[in-house]
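Number of protein chains: 2
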Amino acid sequence: MFILNNDTPVPLYQQLYSQIREHILAGKLPADARLPSVRQLAIELATSRNTVEGAYQELYAEGYIYSKPRSGYFVSALDQEAAPLSLLKKPRLRSSLSTPAPRFDYDFHPARLAPKSFPAPLWRKLFSECLRETSRELVQYGPPQGELNLRRMIQLYLERSRGVVCDPEQIVICAGLQHSLDMVAQILKGSHSVVAVENPGYHLPRSVFRNHGYEIVPVPVGADGLDLEALASSGGTLAYVTPSHQLPMGCVMPVANRLKLIEWAESGGRLILEDDYDSELRYHGKPIPSLQGLRPRGNIIYLGTFSKVLSPALRLSYLVLPDSLLDAYRRLFHDYFSTVSLLEQRTLAKFMEQGHWDRHIRRMRAIYKKQHDVLIRAVAQRFGSRAEIVGQGAGLHIVLQLPGISLSEAEIISRAAQHGIGLFPFSATCAAGEPAATRLLLGFGGMSASEIEAGIALLSRLCF
Amino acid sequence: MFILNNDTPVPLYQQLYSQIREHILAGKLPADARLPSVRQLAIELATSRNTVEGAYQELYAEGYIYSKPRSGYFVSALDQEAAPLSLLKKPRLRSSLSTPAPRFDYDFHPARLAPKSFPAPLWRKLFSECLRETSRELVQYGPPQGELNLRRMIQLYLERSRGVVCDPEQIVICAGLQHSLDMVAQILKGSHSVVAVENPGYHLPRSVFRNHGYEIVPVPVGADGLDLEALASSGGTLAYVTPSHQLPMGCVMPVANRLKLIEWAESGGRLILEDDYDSELRYHGKPIPSLQGLRPRGNIIYLGTFSKVLSPALRLSYLVLPDSLLDAYRRLFHDYFSTVSLLEQRTLAKFMEQGHWDRHIRRMRAIYKKQHDVLIRAVAQRFGSRAEIVGQGAGLHIVLQLPGISLSEAEIISRAAQHGIGLFPFSATCAAGEPAATRLLLGFGGMSASEIEAGIALLSRLCF
Numbered sequence: 001m002f003i004l005n006n007d008t009p010v011p012l013y014q015q016l017y018s019q020i021r022e023h024i025l026a027g028k029l030p031a032d033a034r035l036p037s038v039r040q041l042a043i044e045l046a047t048s049r050n051t052v053e054g055a056y057q058e059l060y061a062e063g064y065i066y067s068k069p070r071s072g073y074f075v076s077a078l079d080q081e082a083a084p085l086s087l088l089k090k091p092r093l094r095s096s097l098s099t100p101a102p103r104f105d106y107d108f109h110p111a112r113l114a115p116k117s118f119p120a121p122l123w124r125k126l127f128s129e130c131l132r133e134t135s136r137e138l139v140q141y142g143p144p145q146g147e148l149n150l151r152r153m154i155q156l157y158l159e160r161s162r163g164v165v166c167d168p169e170q171i172v173i174c175a176g177l178q179h180s181l182d183m184v185a186q187i188l189k190g191s192h193s194v195v196a197v198e199n200p201g202y203h204l205p206r207s208v209f210r211n212h213g214y215e216i217v218p219v220p221v222g223a224d225g226l227d228l229e230a231l232a233s234s235g236g237t238l239a240y241v242t243p244s245h246q247l248p249m250g251c252v253m254p255v256a257n258r259l260k261l262i263e264w265a266e267s268g269g270r271l272i273l274e275d276d277y278d279s280e281l282r283y284h285g286k287p288i289p290s291l292q293g294l295r296p297r298g299n300i301i302y303l304g305t306f307s308k309v310l311s312p313a314l315r316l317s318y319l320v321l322p323d324s325l326l327d328a329y330r331r332l333f334h335d336y337f338s339t340v341s342l343l344e345q346r347t348l349a350k351f352m353e354q355g356h357w358d359r360h361i362r363r364m365r366a367i368y369k370k371q372h373d374v375l376i377r378a379v380a381q382r383f384g385s386r387a388e389i390v391g392q393g394a395g396l397h398i399v400l401q402l403p404g405i406s407l408s409e410a411e412i413i414s415r416a417a418q419h420g421i422g423l424f425p426f427s428a429t430c431a432a433g434e435p436a437a438t439r440l441l442l443g444f445g446g447m448s449a450s451e452i453e454a455g456i457a458l459l460s461r462l463c464f
Numbered sequence: 001m002f003i004l005n006n007d008t009p010v011p012l013y014q015q016l017y018s019q020i021r022e023h024i025l026a027g028k029l030p031a032d033a034r035l036p037s038v039r040q041l042a043i044e045l046a047t048s049r050n051t052v053e054g055a056y057q058e059l060y061a062e063g064y065i066y067s068k069p070r071s072g073y074f075v076s077a078l079d080q081e082a083a084p085l086s087l088l089k090k091p092r093l094r095s096s097l098s099t100p101a102p103r104f105d106y107d108f109h110p111a112r113l114a115p116k117s118f119p120a121p122l123w124r125k126l127f128s129e130c131l132r133e134t135s136r137e138l139v140q141y142g143p144p145q146g147e148l149n150l151r152r153m154i155q156l157y158l159e160r161s162r163g164v165v166c167d168p169e170q171i172v173i174c175a176g177l178q179h180s181l182d183m184v185a186q187i188l189k190g191s192h193s194v195v196a197v198e199n200p201g202y203h204l205p206r207s208v209f210r211n212h213g214y215e216i217v218p219v220p221v222g223a224d225g226l227d228l229e230a231l232a233s234s235g236g237t238l239a240y241v242t243p244s245h246q247l248p249m250g251c252v253m254p255v256a257n258r259l260k261l262i263e264w265a266e267s268g269g270r271l272i273l274e275d276d277y278d279s280e281l282r283y284h285g286k287p288i289p290s291l292q293g294l295r296p297r298g299n300i301i302y303l304g305t306f307s308k309v310l311s312p313a314l315r316l317s318y319l320v321l322p323d324s325l326l327d328a329y330r331r332l333f334h335d336y337f338s339t340v341s342l343l344e345q346r347t348l349a350k351f352m353e354q355g356h357w358d359r360h361i362r363r364m365r366a367i368y369k370k371q372h373d374v375l376i377r378a379v380a381q382r383f384g385s386r387a388e389i390v391g392q393g394a395g396l397h398i399v400l401q402l403p404g405i406s407l408s409e410a411e412i413i414s415r416a417a418q419h420g421i422g423l424f425p426f427s428a429t430c431a432a433g434e435p436a437a438t439r440l441l442l443g444f445g446g447m448s449a450s451e452i453e454a455g456i457a458l459l460s461r462l463c464f
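Chains as they are written, first to last, in this note's numbering: chain A, 1 to 464; chain B, 1 to 464.
Because the hints were derived from the structure by calculation, they are not lab data. One or more hints might be untrue.
Claimed, not checked - From the derived model, a few chain A residues whose C-beta atoms are all more than 10 Å from chain B:
id: 1; residue: Glu-44
id: 2; residue: Thr-47
id: 3; residue: Phe-74
id: 4; residue: His-360
id: 5; residue: Gln-392
id: 6; residue: Ala-454
Stated by the list, open to error - When the alpha-carbon atoms are kept at most 20 Å apart in a straight line, the in silico DMTMM-like pairs for lysine to aspartate or glutamate are as follows:
id: 7; chain 1: A; residue 1: Lys-116; chain 2: B; residue 2: Glu-133
id: 8; chain 1: B; residue 1: Lys-116; chain 2: A; residue 2: Glu-137
id: 9; chain 1: B; residue 1: Lys-260; chain 2: B; residue 2: Asp-224
id: 10; chain 1: B; residue 1: Lys-369; chain 2: B; residue 2: Glu-453
id: 11; chain 1: A; residue 1: Lys-260; chain 2: A; residue 2: Asp-227
id: 12; chain 1: B; residue 1: Lys-260; chain 2: A; residue 2: Glu-22
id: 13; chain 1: B; residue 1: Lys-189; chain 2: A; residue 2: Glu-215
id: 14; chain 1: B; residue 1: Lys-125; chain 2: A; residue 2: Glu-129
id: 15; chain 1: B; residue 1: Lys-125; chain 2: A; residue 2: Glu-133
id: 16; chain 1: A; residue 1: Lys-260; chain 2: B; residue 2: Glu-22
id: 17; chain 1: B; residue 1: Lys-116; chain 2: A; residue 2: Glu-129
id: 18; chain 1: B; residue 1: Lys-116; chain 2: A; residue 2: Glu-133
id: 19; chain 1: B; residue 1: Lys-260; chain 2: A; residue 2: Asp-32
Every residue, glycine too, gets a C-beta built ideally from N, C-alpha and C.
Given the sequences, and given the hints that come with them, work out the whole structure.
Here it is as structure tokens:
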């Protein structure tokens, strides 16, 4: 009835256990059937009593069999309807998974950073130091709100570089903007239900808030950023904004509008979500100070990330909560753990503490300024008066307006892809469908100067 | 009016910018006041025109001043009401933040692992290799669902060790159970609103689902795990269960109950959330196979973690979605990024691929078995017949029932703390307040044999 094989690494008792189990699940051993005694079965299979005893103990522990004192083991009554037809029938590996993302010769994706820019040797050194210092702490959970030293470093950096005034206690370390917003959406759910977002604007906040049951109201963006009159009549009580560098249009919200926006928030218990995602990257003059710094005790949640200057793959971001929300944060999340690796938090804290972060920003700013300037020149040369550049001078992308173009965005993207050019659709930033005019969003962070020049030359030929 | 200081590292144009800006915000320079010409102010301050030009450009870029052609720069009209009173008044550092967590001589916290168990040298080596191989990929986002190779390794491990039958496409890499459940709560929100949880049971799932607006219904746990009749009448359409090792009581759900639970789920479009958190740690016989393996195409979401055997601080977990939920997952999260560092995912994948994970499990099982056995002996010796041990033989904790005790849980915990003993409250696992009888939850993962012996000796004296 059962066959034991000495030539496999699977222990004999497990082989026997599996076979009896399958017989029970398949109904071949009916409910209340008595199993042979340990001695009997051991003789029958020419194996040791330990083998049979081990198998019976497993079956007993999992409830496949029950025991009666001095009578032996019996098969438990199982619901055969519910039993699996095939226990280990492996589903086929679906092919969709293994399809690699398409590679482009010229990839204008706006979230790509310069290919060789990650400070790998330094990161390895700091990581190794942290691992040596930390390995005994890895056996327990880290601080729920994030490493205190990292929060101190971020506080100092934000004060120095962004004019943000806060206490490390207001800072929460998060695993990327989406995770930051996930927390914000939960904190505010009781008191808010409608989020005003910039249109065009970053698509991720729309998804996150929609997934948390919020209504999303798109508010138009003009030359000065979010249209404040439209905001006032939008019905939104939260406003997600990118005032230092509007995503995707690149404009800076003037200070008069900033103060009005702060006033809007304070006059009605409303809240501003200030996403300062790439404020480090400004190529003329110094970075625009934050909104939060204008009103440190205001109704502003400040969001920052390391994805635009260090790496999007490490998943390191933070949020600065106003004092008024700290209680709600603690009430909701007091059982929660940090979602960011303690080792990476410590490595980053060391990176900042030793001044590498500031140096890295300066280095990256110089690199991206060059790439930016090459792109601007290439567009001027190849598109000439047929394109107007919007949002230059900062960040990792520009927008091209092409008033005379007859092709739709989808047509351009498809043509471009056929010629090895990757374009991120501008329409993805629009809250409702495609924009009226065809625009191109051109990221330059991941491209060399020669790729930018060749890519723009090719693209200009495809557009007209 | 303005003072420039050559002895600070702050560039002169920034000093001037800041001072003019403060004058404007403080109302000392009223709206529409004309600023001195660049040449005038440069002479007045005995500085270069570039300095003044730089300051004006910054102020202009941020909207503090406007320009009229051939007339110069003028102060913008700002809402003075909204202007900050003090721009950089630093809030005091609140003391609560810097209070370190209390340290105990004997810490019975159930989530602590053996102090020297993290495989640091190996992890450093594999991490360094991954960094070398990956550094050029760190400049863009990693795969949203997690590294394919890590998902393959997890799939193989789950099939081999847990009987889980799935495809890597069903696996999502997450930053800990709480993040896994965050996603699950969002996926199921449209079709479910009531979650049945084990009582006593892990407190984190209750918090996560409550934060997502679910109603939580506690269902009692008996010797066979979740009470299935109580479940059927609970009104819950989701059931969060720990069938291989009930948290905290340690019982195993017998296969007859498992099949009934599967039937419960399938008969009414209900869902089982199977948390298999520490299934690797079973000290007699082999691990109990998973529920998911009994019905691979059933309504089961399988949840696993690396927090119990490798490290809780690295934040590495996964969920296995049934085919029926993959569309909903993709629909909700198609804009989302992974929340787990690509470097740590790759390091873990290598760790598993090279067989270190299996070896590490065996090593940890041997270590914890010893600590477990020491604890059982110490309790028997010190508590004798006054304590009944529940849930032994697996995991990282046991439960003591103390029928004759007159002290409340709070009294014991407070006394214990005074004597250097840290106890995690059993009542935290109870859905509604304290349990009827006083129970102690004793984790042994983070303690040496001698600490366990001394701690139990001391604790037994405090209890009676």
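**Message:** Output the indices of the hints that this structure fails to meet, ascending.
**Reply:** none
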